[in-house]
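Please build the complex by placing chain B on the supplied structure of chain A, with the hints as guidance.
Chains as they are written, first to last, in this note's numbering: chain A, 75 to 480; chain B, 1493 to 2024.
Think of the hints as simulated: they come from the structure by calculation, not from any bench. For glycine and all other residues, C-beta sits at the position ideal for the given N, C-alpha and C. Don't take every hint at face value.
To be verified - Far from chain B, by Cβ distances over 12 Å, these chain A residues were calculated: (1) Asp-118; (2) Leu-227; (3) Asp-236; (4) Gln-289; (5) Asp-316; (6) Gly-348; (7) Ala-363; (8) Pro-423.
As the list claims (entries may be wrong) - Distance condition first, Cα-Cα at most 25 Å in a straight line; then the derived SDA-like pairs of lysine to any residue: (9) B/Lys-2018 x B/Ala-1804; (10) A/Lys-307 x B/Ala-1984; (11) B/Lys-1982 x A/Asp-318; (12) A/Lys-145 x B/Ala-1984.
As the list claims (entries may be wrong) - Quick list of the computed label-pair ranges, beta carbon to beta carbon: (13) B/Gly-1673 x A/Ala-131: 16 to 26 Å; (14) B/Thr-1966 x A/Gly-193: 40 to 50 Å; (15) B/Gly-1673 x A/Ala-405: 33 to 43 Å; (16) A/Asp-362 x B/Leu-1592: 51 to 61 Å; (17) B/Gly-1673 x A/Thr-149: 42 to 52 Å; (18) A/Ala-405 x B/Phe-2014: 52 to 62 Å.
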Amino acid sequence: MKVSKRGILGVGAVAIAASLTLAGCAGGAQEPAKQTGSLTVWVDTERVDALKDAAAAYTEKTGVEVELVGKDNATIKDDFIQQAPTGKGPDIVMGAHDWLGELATNGVVAPLELGDSAGDYLPVALNAATYDGNVYLLPYAVENIAVLRNADLVPEAATSYDDMIAKGKAAGLAQPFVVEQGAEGNPYHLYPFQTAFGAPVFGTTDAGYDASDLQLGNAGGEAFAAWLGTEGKNGNAVFNTDVDGAIAKQAFLDGTAAFWLTGPWNVGSAVDAGINVAIDPVPSPTGDAAQPFAGVKGFLLSAESKNKVAANDFLVNYLGSEDVQLALFEAGHVLPALSSAAEAASADPIIAGFARVGQDAVPMPAIPAMGSVWQFWGIAEAAIINGADPATTWQKLASDVQGAIG
Amino acid sequence: MADPMIAQRNRHRLRASRMADLASGGPRVLITKIVVLGLVDAIALYAIIVLFLTSQWIVLIAVAAVTIAVNWIYFSRAKLPAKYLTPGLIFLAVFQIFVLLYTGYVALTNYGTGHNGSKEQAVSSLMASALERVEDSPTYPVTVVDQFGELGLLVTDPDGDAFVGTADTPLKEVPNATFDGDKAVAAPGWTSLSFGEVLVRTDEITALAVPFSDDPNDGALRTPDGSSAYLYTSSLEYDEAAGTMTDLNTGVVYSDIGTGAFTSEDGQELLPGWQIVVGLDNFVRAFTEESIRGPLVYVTAWTFVFATVSVATTFFLGLFLAIVFNDMRMRGRKVYRVLMILPYAFPAFLGALIWSGMMNQSFGFINQVLLGGADIPWLTDPTLAKVSVLIVNLWLGFPYMFLVCTGALQSIPEELNEAAAIDGAKPWSVFRLIKLPLLLVSVAPLLIASFAFNFNNFNVIYLLTNGGPRDPSTSIPVGFTDILISMVYKVAFTGQNRDYGLASAFSIIIFVIVAVIAIISFRRTKALEELN
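Just chain A, with the same shape it has in the complex (with noise of 0.2 Å):
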């Protein structure tokens, strides 16, 4: 008797299972009805509150539903390339501009037309939307990386790399810099060191980056290398590959370390600590202007959206209103891309901080390329830090990266 019963209770939770299972590969999600149509945005968990009045202001001109679903940011492109060619995907996803290259070569977006609107946005951000020619993403926000200062350990910005430094020595602190790497590296941190060498990844044409045209071998990519060196392990020890992410913030929050190369997501730990922050831009070791890398954040029409005409609109007319715009800087903190937005925003001096440096970053590239460069690029920087040889390990960077690109 009992045995029937766990039986019958086992096959219960089977045929649920399963039948949950299959209807959840089938999409779970009812199509969307012809005649009033709907919209389905997947969305950063964290920024679904954001877009709520967006979205209720859309439905109540339109009529058009919106449904806003929150998504885990780190698997939010994979699952849109998956399911946008079955038909089951959103017609609007958040996503990143370095991620153009791969859904465009996926053929899962479509390009938009901003129209007058083109002009709103800062120049970077236009430039970052435009994969190949065609603007592919709606922009809302730019995010680069500057030095976090101390102001109460180092009262005054940092002039140059050197410059900094020594004020950090003087203020008796015997490891002022920080910056998190890794075993593999972090080109992405250090790229503006390098691009003040002069050695940017890729040449430029009108069409946004040229994939034939490799600049990271040149000479100013060697005696950027010669330099990292000196910084290294067997030189200043400035850089250390066993420095990750949670290293270098501890030491900034403890006060050992007065400056302190990062991003903006890392600001509101940093100022819960109590700590008097300042941004300066990143502090040159030659004369030239370090450029940091500038990350762009945006919404992408799906090539499969049934709806396109409704999502054309909601996106170029209403998320890229400077109220959703401001909205989505509330809930993230990163200048907007929308250059009345990013004025109003700059009222904060953190944001107009790193607005400040943003204005010499250079968007990251995004042409499938970028993936080569970025399985070799690490590891030579986190080499050359550990000691090997800067000439010749930055040109088997360059070599390997150019033998990948093909």
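What follows is chain B alone, placed relative to chain A:
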């Protein structure tokens, strides 16, 4: 008629069915059965409705068939074995067989970056991205209009004049259009569409391109949002009959040569392409592609070493501790046992992450605190990293072996021990000749399972070292502690290029390796059983 045999048989049958009734329980059990099956059917029905609405016919049929089968099995009197097996079989089908078959299917395709959807989708995506807005052209306010079911655009040009055109007829001036402000909103003979109507006909409107003039080189007007239009020219032309794409700027012809992308004569591909079945190409690539073949050899060797050593060390440590804590003379055995099991109760991924922090060369707990400021590259030296991985895996894995061995040891009758002692056997001989063989009979299958698990122990490798330190001599991002599965992950998923086809082929190869080893080992185990 009155055959006593038949009467007896009938009586037997009657008794058997009464017993079956009893066995299947009284009315309470019957009610439970009906309620639970009712719930199952309700959920299945809901699933079927959802599936019907989304036109998922194959899944719908599968759900319906399974539901009917389940009802039939559990309402019938007989089929006792089926009642036991059905839940397991359904799970097996959904979570194992389907996954395996699907992986096998993907391994035969070119699914990956650039080959993500159907050919139709690729063509429409290529055409969409080939549109180039005519430089310095203005924004044209438009109203979507309809005449006998044919859509047109009512366009206001920058001078304020109204034009109307359709997909087939270029723009023509409309002299007596109605204006709302500066924008023409209606034209005689045409019905203006409201925004709601525009949305309903989205498909037609996104496809609508109104030629600007008789000269196709002037481009066509398209409206992405139904209220403003822009002038575009296309840089690609698709010839459906010939299956070719022509680049209008360079004149290069890209044709479908059966590789899943439009390819020019000199081998340039237009991406996105589409998914096709490529047969065994992925398996051939797995063994022949230069960049993979080099590291494949030593990664495979290390995978075997990692799995074997992991099983051996965890087993012997677990066994040793089991014997020690099985000794009645030890005090506080229960406390120790709980402590021993802690690493097993701890989520493995958390354990691996903490270990990776503790093994950090300059800041880790081990170097800084335990070794008083030593500078040992636990995770960054090629050889030491392998040792570290094995140590961490030992820490994570021994409690399982400890549990298993404790259970197995306790099931060995104490009399054997006593008998051996009376015969004058020393403790070591008792262990080696009696306990170990008896233990292995029950533990050997678990050792094989443990080997298979460690062979694919992605978590520990990925979280502890991520396969590092990297091997600088190869051109793929493979490191010295990468095992096959983590190498596959890197080959298939690193950077912006996903190659699901190749990754699936590798998964199938790994499956075959593990399956072969398991089958051989199980054969051996059988021999072991017969020996005893």
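task = State the violated hints by number, sorted upward, taking the hints as numbered earlier in the document.
result = Hints 5, 10 are the ones this structure does not satisfy, whereas the remaining hints hold.
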